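Q: These protein sequence lines map, in sequence, to chains A and B. Numbering-wise, the first sequence is residues 1 to 339 according to this note's numbering. Numbering-wise, the second sequence is residues 1001 to 1195 according to this note's numbering.
If you're looking for bench data, these hints aren't it; they were derived computationally from the structure. Since the structure is predicted, the reported quantities are computational estimates derived from the model, not experimental observations. Any given hint could turn out to be false.
[What the hints assert, rightly or not] Capping the alpha-carbon separation at 16 Å, the derived lysine to aspartate or glutamate pairs in EDC-like fashion look like this: (1) A/321 x B/1092; (2) B/1058 x B/1092; (3) A/35 x B/1099; (4) B/1020 x A/58; (5) B/1153 x A/9.
[Claimed, not checked] Distance windows between CB atoms, simulated: (6) B/1085 x A/224: 53 to 61 Å; (7) A/171 x B/1060: 40 to 48 Å; (8) A/39 x B/1065: 21 to 29 Å; (9) A/319 x B/1133: 36 to 44 Å; (10) A/33 x B/1149: 27 to 35 Å; (11) B/1039 x A/304: 31 to 39 Å; (12) A/122 x B/1129: 39 to 47 Å; (13) A/322 x B/1164: 38 to 46 Å; (14) B/1076 x A/304: 29 to 37 Å; (15) A/298 x B/1162: 56 to 64 Å; (16) A/175 x B/1010: 40 to 48 Å; (17) A/122 x B/1159: 52 to 60 Å; (18) B/1060 x A/146: 20 to 28 Å.
Note that CB positions come from ideal geometry on N, CA and C, so glycine has one too.
So the chains spell out like this:
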Amino acid sequence: MKDIDMNEELLIRFLTHTCSTEELKQVDNWIASNKANADWLFEMERIWSLKDELRFSDKQEIEKAYRQFISRISKKTLQLKYRTYFYSVLKYVAIIVVVSLLSINLYKMLTPQEPELMNEICVPRGERANVTLSDGTKVALNSDTKFTYPSHFSKSSRNVSLIGEGYFEVTHNPQKPFIVNAQMIHVKVLGTKFNMRTYSGENSIVTLSEGKVEVESSNKENKITLHPNEEATYSESAGMSISKGINVGISKSWTKGELAFMDQSLSIICKAIERKFNVKIVIADRQLAVDVFTCHFKESATIEEVMTLLKETRKLNYSFKEGKIVIYKSKNSMPMEKV
Amino acid sequence: MLQLDLNIDKIRGGDEEAFKSFFITFYPKLKALACRFVDGQVADDLVQDVFASYWEQKTSIQADNIQSFLFKCLQNKCLNFIKHQMVEEEYESRVRIAEARIAYLADTSDANHVLEQVMNRDLREIIEKSVEKLPPKCAQAFRLCYFHDVDRKEVAELMGISPRTVDGHIQQALNFLREDLKDLFLLVFMFYSTF
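Chain B on its own, in the form it takes in the complex (with noise of 0.2 Å):
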């Protein structure tokens, strides 16, 4: 965090480098987060769109406030996004669920950003670990889709199973590592608040 809050003040200055390992550390999270509201191409330049914003007001932003600033942000531009698509005929369900999810988002948001900066780096590692603990066919479904971008029919001719059993396999993992992870997101929490 300590190392965080310089960076800003530097780049409150101007400063370029300062300004480069800001992006490095958010980009991936805000790409992450776009895509869950919005396709590939428009969540890249919706984020871009939001660090542009955050380059012309970085000024009078609070350094404590950032990454409130930089999800809110981003989440309004999804939504202002999608309510402007043509189809229709999604639309309402489409608005609905991302609303939903921006809900979800702020009750828990709190406790998340602090997990995401020290997950960061060993991100894949602790999920590895996590899928270790799967049955074997369950692993290697999730694996191949998770982690390789196998489709899932063509995970499921690969495995010779049905896709069916494809999406059972990728739930019953995404369940685990739902238990799994838990406990990590509360200690993490926790270590955090005694200080």
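Next comes chain A alone, as it looks inside the complex (with noise of 0.2 Å):
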């Protein structure tokens, strides 16, 4: 039944996650082959498993994956009880206007007070918005963001948030702080310009333009201030890291519909690009990846010019195969005439 491919040291790295390419393919074809095979390796990776899930019924790791899950819905649940109190209050209204009929004084004096309203904007892959707040802050949306924002603020501060990408022009109030809250990060300011980028899976990144601002984790182990020129990158795994004499002109250049990328990982750049264009790109090689361009990109580029400019860097090729992009390593490597 097991046979010449499956050995005890590819078993091992299949279940450990260290397989290669070449490996998972070798386990693809074994277990492709008979499916008694298949249910031996599946078995032994449920046996393999049942480690994890020991070590995932630790008391702290449920707790914290817990409070991750509370303060993750807890704004969603927030925003339903407005809508409750919002019709409540509406028949509070109605009520209150039948007695008016009566006696306009007593509608007078129990007028409630508007409730706080969210609104949400979703800006598709492809689009990008612009939007101005009741506090005359200006925001303007990249591809593939959901921002939330109350209809007028509160009396104590100005919360807002976003998942996605945006570059903010805060109207100075140090009276009422301004708090974007993403995910993975709070960003506090008085008033200020920054972009502000927390796709999910990917860094969460803060520019800093002018004025100051504060960036702490959600978890609330990292907090950092910056000044202008000045960048924050969070992740959970690799926490808070700030860098200096970044040029913001680059971060923000997608405000004018342009791509602008200074030693970037190709990876990063795909993911730009399938934002701005609604396309579908696959890296073909794990090296390419990872490998950075420095590039820009007018607004009017196609996704054609686009895709031909990074190939004249001579490192890669690309095709379109079955409605996605494929790059793939460049097979002469000739050397770089020009860029």
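Assembling the complex is the task here: the two chains are given apart, and the hints tell you how they should meet.
A: Here you go:
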């Protein structure tokens, strides 16, 4: 049943997720060739994963995950509460209107305050949007972004939330801090201009062009203050780091519909291209995905032009396949003439 | 089972305490399942997603469908994640392995979740008992790797043997556990089906 293809080393590599591409193919072929092989392998895997289950049964680990979950859904529940509150207020108002037919004074006295209603903007891939908030703050929103904000801010602070990328020009008001909540970080400002990128599954990045902002991770473990031309990068695994001397123009080039990157990995660049042109890109080479590129595309550039330009670096080639763009390593690695 | 049903009604009513014990029950299982498909950090996100979808749909899901809802939802999310990864060279094998895994889980899941509920508490004890029956060297290598998460190369160094031998021990241990626990799987299942 178990034949030459599967040995202990390969099994252990498979269980510990350390297979090479070639080995994964071997495993795939081996289990596809015989159902008994598949059953055997997945039974082994099941026993192996009991170990994870034991580990994840750790109380502290569960507590941490639960807190994370609660903070994630609490925003939504809050919105719901506002909504039900809104309807109960409506009922109340209706009664008051009836009463007011009898006594206008009474109506005036009992009019309840307007509740804080939340608005949500979802910008699809391939689009951008601009919004001006009730305090005069201007926000530009990049593709594939969800932005939530109240119609009117509360008395003490200005709270909004962002998943995706936005460029903020916040109206100065020292009495009411402006707070952007994202999944991994919070940014607190009084009045500044900054770019914030928080796509899920990617590092969260805040780049400051004017003023001063405070960046804090959601788990409250990291907190830093940014000055102009500085950039904070946060990921749960690597924590918070800060880079100085950043060209803010590049970070916010998307607000003009341009694409600009300086020493960025190809995988990050491709994610931005995917969002801007609403396409799907696959990088067929692990090494290529982490290679860095510097490039700048004008607003009018089409996807074909962007791909052609990337190709001219002679590091890569591409093809359109089943509605996807596949990027692979250029075979003729000729010396670069010009970029 | 009765206890679980009771809690579900409370969760539907929005009781947070009830939801928390529900979370505590399912989190380790779901995360362990996700870790078979994807890496830890991603697994974490996907499990959170699953709980969020459950929370949103809690009033419309039938109590007896909850297990399968959670597991299927998670499997789909894992598969989708793998399908959307950008590295293509191993794309096909990863997707195919994941699909084979889902097929395997569908075949065995009925017996499985009854077992999982019963075993949650004594899981470690039960495995430990089986490990004790192994030859000493084999048990030692397996314990280090399995319970203490020591890398196989370090295990080799610690024990003064080659990594290849460590792998051999681990496979031997897993094969043995598979046989040893099989009876138990079957027993538990029969015990339950007679009621």
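Q: Confirm or reject each hint.
A: Hint-by-hint comparison with the structure:
| no. | hint | verdict |
| --- | --- | --- |
| 1 | A/321 x B/1092 | holds, 15 Å |
| 2 | B/1058 x B/1092 | violated, 35 Å |
| 3 | A/35 x B/1099 | holds, 13 Å |
| 4 | B/1020 x A/58 | holds, 15 Å |
| 5 | B/1153 x A/9 | holds, 12 Å |
| 6 | B/1085 x A/224: 53 to 61 Å | violated, 32 Å |
| 7 | A/171 x B/1060: 40 to 48 Å | holds, 43 Å |
| 8 | A/39 x B/1065: 21 to 29 Å | holds, 26 Å |
| 9 | A/319 x B/1133: 36 to 44 Å | violated, 56 Å |
| 10 | A/33 x B/1149: 27 to 35 Å | holds, 32 Å |
| 11 | B/1039 x A/304: 31 to 39 Å | holds, 35 Å |
| 12 | A/122 x B/1129: 39 to 47 Å | violated, 54 Å |
| 13 | A/322 x B/1164: 38 to 46 Å | holds, 42 Å |
| 14 | B/1076 x A/304: 29 to 37 Å | holds, 34 Å |
| 15 | A/298 x B/1162: 56 to 64 Å | holds, 59 Å |
| 16 | A/175 x B/1010: 40 to 48 Å | holds, 43 Å |
| 17 | A/122 x B/1159: 52 to 60 Å | holds, 56 Å |
| 18 | B/1060 x A/146: 20 to 28 Å | holds, 24 Å |
The earlier numbered hints that this structure contradicts are 2, 6, 9, 12.
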